[in-house]
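In my numbering, the protein residues as written are 1 to 338.
Hints are supplied without guarantee of correctness; some may be wrong.
Below, simulated BS3-like cross-link-like pairs (lysine-lysine); rule was C-alpha separation at most 25 Å, straight line [to be verified]:
#1 K82 / K316
#2 K316 / K58
#3 K338 / K28
#4 K324 / K336
Quick list of the computed label-pair ranges, beta carbon to beta carbon [unchecked claim]:
#5 E333 / R160: 40 to 50 Å
#6 L255 / Q307: 20 to 30 Å
#7 P308 / R160: 57 to 67 Å
Since the hints were derived computationally from the structure, they do not count as laboratory data.
We put the CB at the ideal spot given by N, CA and C, even for glycine.
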Amino acid sequence: MGPIRNSYKFLIFFGWSICFFACEKAPKPYILDLPPGAPIPEIPVDNQLTASRVALGKKLFFDPILSRDSSISCGSCHFQDKSFADNRVISPGIEGRLGLRNAPSLANMIYRDRFFYDGGVPSLELQVLAPIEDHNEMDFNSLDVVERLKNHPDYPAMIRDAYDSEPDVYALTRAIAAFERTLISGYSRYDRYAHQGDVNALTTEEQRGMNLFFSNRTQCGTCHSGFNFSNEEFINIGQYSDYTADPGRRRVTALDSDIGKFKVPSLRNVAVTAPYMHDGSLATLESVIDFFNIGGQAHPNKSPLIQPLGLTMQEKSDLIAFLKSLTDSEFLENPKFK
């Protein structure tokens, strides 16, 4: 049998709901399938979810038309079976160019804010522009993308249906953001245990790991908190003593106090999103646990939460077992996202 589901459907109501009655053809709403325990998300007023917007965004997400040489798409660096992350240290852009950071998972972006590891982009809509115009990724101009969309056999009609407009940057960015907001994960075995009352969903080892994860001793749950296992803050974990190669949050704020601080990642589906850290420098969950067990390297900005843990081999194994219980196989195989 599949995972026990006690889900509910959440219908996003539109700010223009009167149009349902006044317009000859009302937009068909997109119904989010929110897992038990998932908070009700906030959707931008100017980009409420409809079926046509999500369909348009999905098509654009997987279309290499967004890159200058039409060689890569968003989906070239974000793979569904890897929780829309990548298993390469740095994903190659056009002509094999390498960027700065490891590609993160796109699961549950609907609950995140201040995007990228340094939080330099405030919304999903604006985030869409960054890889398109980055020299090492798609190396294109968004206005040139729009010209391609205007000459495409399908996109003009799809955009009119979705946003009642001709192809433009507004529709391009909002459609992809709309699709990304539907990538919701919350049907792991941990969720069955924590939110659906299935006491048999976790093994004894996984339960020990869970208790250790949320304990005052490790304090893992202090930063990796909430439904998405992230407090959305920026933390220096002492990964390096020198962050010259990538100063993290300081790239945005210009504050020395932000050197080495990176966005706390979500741990959902973490077992399939290796390699880890902002630079993909840790290849396995075992190496991540070993890093935190040592307590990181010395740095003036290192969080006081990062201290040597003195974990035994059994405790390390228990923690890894728990982290693997956060894998949502249904999400990784959902045909709606293919």
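Against the structure, the hints come out as follows:
1. K82 / K316: Answer holds: K82 to K316 is near 23 Å, not above 25 Å.
2. K316 / K58: violated, 39 Å
3. K338 / K28: With a Cα-Cα distance of about 21 Å, the restraint between K338 and K28 holds, given a limit of 25 Å.
4. K324 / K336: The given pair, whose Cα atoms are some 24 Å apart, holds under the 25 Å limit.
5. E333 / R160: 40 to 50 Å: With Cβ atoms ~33 Å apart, the hint is violated.
6. L255 / Q307: 20 to 30 Å: 24 Å Cβ-Cβ, so the 20 to 30 Å window holds.
7. P308 / R160: 57 to 67 Å: holds, 60 Å
Consistency with the previously given hints fails for numbers 2 and 5, ordered from lowest to highest.
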